[in-house]
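Engineer: Read in UniProt numbering, the sequence shown has 148 at position 148, and its numbers run on one by one without any break.
Check before you lean on any hint, since a few could be wrong.
What the hints assert, rightly or not - Lysine-lysine pairs mimicking DSS-like chemistry, simulated, CA-CA at most 27 Å apart:
id, residue 1, residue 2
1, 111, 82
2, 46, 111
3, 82, 129
4, 275, 299
5, 46, 129
6, 6, 82
7, 82, 42
8, 6, 129
9, 210, 275
10, 82, 46
11, 210, 234
12, 6, 42
13, 6, 46
14, 275, 234
15, 210, 46
16, 111, 129
17, 129, 299
18, 42, 111
19, 234, 111
20, 234, 129
To be verified - Label-pair distances were calculated between CB atoms; the ranges are:
id, residue 1, residue 2, range
21, 180, 42, 24 to 34 Å
22, 175, 68, 27 to 37 Å
23, 126, 292, 45 to 55 Å
24, 16, 272, 18 to 28 Å
25, 256, 75, 18 to 28 Å
26, 219, 309, 32 to 42 Å
Hint data in this document are derived by calculation from the structure and do not stem from the laboratory. All C-beta atoms, glycine included, are put in the ideal place defined by N, C-alpha and C.
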Amino acid sequence: MGVNWKAFVNQISHYQSFILVSHIRPDCDALGSELGMAEVLKAIGKEVRIINAHRTPPALSFLDPAGNIDVLGDSVEAADVKADCIMILDTSAWAQLGDMGDVIRASRSDKIVLDHHVGEDDLGATMYKDYQAEATGQLVVQAADALNVPITRAMAVPVFAAIATDTGWFRFPSVTPETYRVIARLMEAGVVPSEVYGDLYERDTIGRLKLRGLILSRTTSEMDGTLVYTHVNKEDFAACGAEANDTEDAINLTLAVRGTQAAVIFVGQLRGGFKLSFRSRCGMDCNEVARQFGGGGHKAAAGAFLEGTLDEVQGRVLPVVRDAMQIALA
């Protein structure tokens, strides 16, 4: 089922002020959706602030050159998170909201979720979700259309980045003819794809390259080459001179190995534990695998988090993945 845009428009009309939030370790779909939606809401005369639990990764700061995104505990305190409505974009899970989750729980503001992920928690919000949408950025374009807001360049650039990255630059099965129709509209509004690609992938640091090399050097293959996995320890970031977000898209590099049908990466977190990312190009449902560890996402891509050492986490996760792979490849 798609989003009930008539209900969305009706609910939006009841509020004057909005705070937009998204998940921790924000990626392009999170940031691009927030920035795009902020422009949409401002166009209809609403007051808007974007506040995230984590800072914008330096590699993605080009999306917010004016520095409009605030950070909880940095430029904003919990007591300042006040608005008629809190809109949560690109996640429906408490675990993905970090410290912002406590603020949202305590807030008396109405809540709205705009998201495309399958799994969800009870966030005390009105849910506007489309599991078939290739990115939340796509839903922002639909929201603009529903609200009769013309697409401007300020909206188009972050939304383009959101859709392009969440579709692996249009190579994932989630891409449809409508994806390209929307991209054409964004280009007509002023997006230059080569410039966005350059900002995303041609501004690497030495630290990022070293970290990727380390990730690739640790890649392990099993199940006749159909499953690959690798890891990053929290100490590796400082050793390589890399940032926490420098693992972004690294898992997709392992999928380039011939014969690979699924991949897992274990990313050590500074506060302990490991972030898990799953990818599948076969019948293995990454969302179902991730849900067993308190996470979620999509059939082809999902994530979760587990406490423990690398050996402990791998010892819990890999047997589940192997079982899911055996069923998928049977």
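Engineer: Looking back at the numbered hints, which does the structure fail to meet, lowest number first?
Structural biologist: Result: hints 15, 19, 20, 23, 24, 25, 26 break, sorted rising.
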